[in-house]
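Start from the sequences and build out the full structure, keeping to the hints where you can.
Numbering (mature numbering (1 follows the signal peptide of the UniProt record, and there is no 0)), first residue to last: -19 to -1, 1 to 247.
Read the hints as simulated data drawn from the structure, not as lab findings.
Honestly, I wouldn't trust all of these hints.
What the hints assert, rightly or not - Subject to a maximum C-alpha distance of 30 Å in a straight line, what follows is the list of computed DSS-like cross-link-like pairs (lysine-lysine): (1) K77 x K53; (2) K40 x K9; (3) K44 x K208; (4) K53 x K180; (5) K9 x K243; (6) K162 x K141; (7) K138 x K180; (8) K161 x K40; (9) K138 x K128; (10) K161 x K9; (11) K161 x K210; (12) K11 x K161; (13) K162 x K40; (14) K162 x K9; (15) K77 x K40; (16) K161 x K44; (17) K53 x K162; (18) K40 x K243.
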Amino acid sequence: MKRIFLILILIASILPSIAQNKTSENVKIKVLNFATFHLSKSTDANTSPVDINNPEVKKQINKVVQELAKFKPTIICVEIPAQETAGTNIIYQEYKLDQSSTTNWAEEINSIAFEVGRLTNVANIYGIDSRVGFDYPQLMKLAEESKSPATEDFLNKYKKDIEAFNNLSVLGKFQLMNTKKWKSEHFNFYNYLATMHTKNNFEGADIVSEFYKRNLRMYSNLSDIPKDKNDRILIIAGGTHTAYLDVFLENEPMYELIDATKYTTY
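Following this line, the structure appears as C-alpha cells:
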C-alpha cells in the first residue's frame, strides 16, 4: 500500500512537467503579415502614393501605427533588400531619437515600420526583399492581346477594382488589403496571368515564376532571421507579397499566422 502511495505521488509530480513540456512544444511564433500599399512612388505596376505631409493623411497613418503597436512585435520585417538591413538600422537607431531621420525607401518604412518599432522598442528592422527581373509589361501585353473573352472580362474587372481602390481613404485601403478575400484575389491574379502564352510557348508561366521566386526568397530571408518562440514578427510589405507569404506561413508548423483584420479596426 505504501509503495502504491509513493508511485501515485511520483506520477502526480511528473504530470505537470510533461504537460508543461508539451505546451512548450506547441508554442508557435506569432506572425502578423500586414499588407500595405506604397505611400510614396515605387517601381510597382500599380501604386497609390499619398501626400504624407497632409494632416489628414498623417492622422490616418497614425491610426494604422497605433493598431499595429498593439501587436507588440519583437521583430519587424520590411520590403527592402536583405543586404540593406545594416544601413537601414543605422538610420532606424537615429530615428528612435530624432524622428526627422528617415530612409529613401518607400515612405511606409519611415511612417509605419520605424514608428511602430519606436513605440514598441523593437531593437532592429530587417529587410527581407530580394528583387529579381519581372517583366510585368510583357505579361499584361500577352493578356491584352489574348482573343479570349474571359481574359478580357478578367482584365476589365481588375482595372475597375484598381480604380475603386484608388478612390478609398488611406484607412479604407488598409482595411481592404488585409482581408483574406483581397489577398486571395491578388494571388489568383498572377496565377491567371501565368496562363497567358503564344502557341506552344509558356511566356506567362515563365514570367510569373520570377515573381514567385522573389516571394520565396523573401520567405527564405525571413527564415534566416534569428528568432525563438517568444518572438512576435510583424511583416510590412506590398499586398501581393503578403498574399504569397500567407500561403507559405500557413503551411509552416512553427508559425501562427495572425488574422490581420484584427488590427484594422479603425
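Against the structure, the hints come out as follows:
{"no.": "1", "hint": "K77 x K53", "in the structure": "16 Å, holds"}
{"no.": "2", "hint": "K40 x K9", "in the structure": "34 Å, violated"}
{"no.": "3", "hint": "K44 x K208", "in the structure": "28 Å, holds"}
{"no.": "4", "hint": "K53 x K180", "in the structure": "52 Å, violated"}
{"no.": "5", "hint": "K9 x K243", "in the structure": "19 Å, holds"}
{"no.": "6", "hint": "K162 x K141", "in the structure": "16 Å, holds"}
{"no.": "7", "hint": "K138 x K180", "in the structure": "26 Å, holds"}
{"no.": "8", "hint": "K161 x K40", "in the structure": "26 Å, holds"}
{"no.": "9", "hint": "K138 x K128", "in the structure": "17 Å, holds"}
{"no.": "10", "hint": "K161 x K9", "in the structure": "21 Å, holds"}
{"no.": "11", "hint": "K161 x K210", "in the structure": "25 Å, holds"}
{"no.": "12", "hint": "K11 x K161", "in the structure": "18 Å, holds"}
{"no.": "13", "hint": "K162 x K40", "in the structure": "27 Å, holds"}
{"no.": "14", "hint": "K162 x K9", "in the structure": "25 Å, holds"}
{"no.": "15", "hint": "K77 x K40", "in the structure": "20 Å, holds"}
{"no.": "16", "hint": "K161 x K44", "in the structure": "21 Å, holds"}
{"no.": "17", "hint": "K53 x K162", "in the structure": "26 Å, holds"}
{"no.": "18", "hint": "K40 x K243", "in the structure": "20 Å, holds"}
The earlier numbered hints that this structure contradicts are 2, 4.
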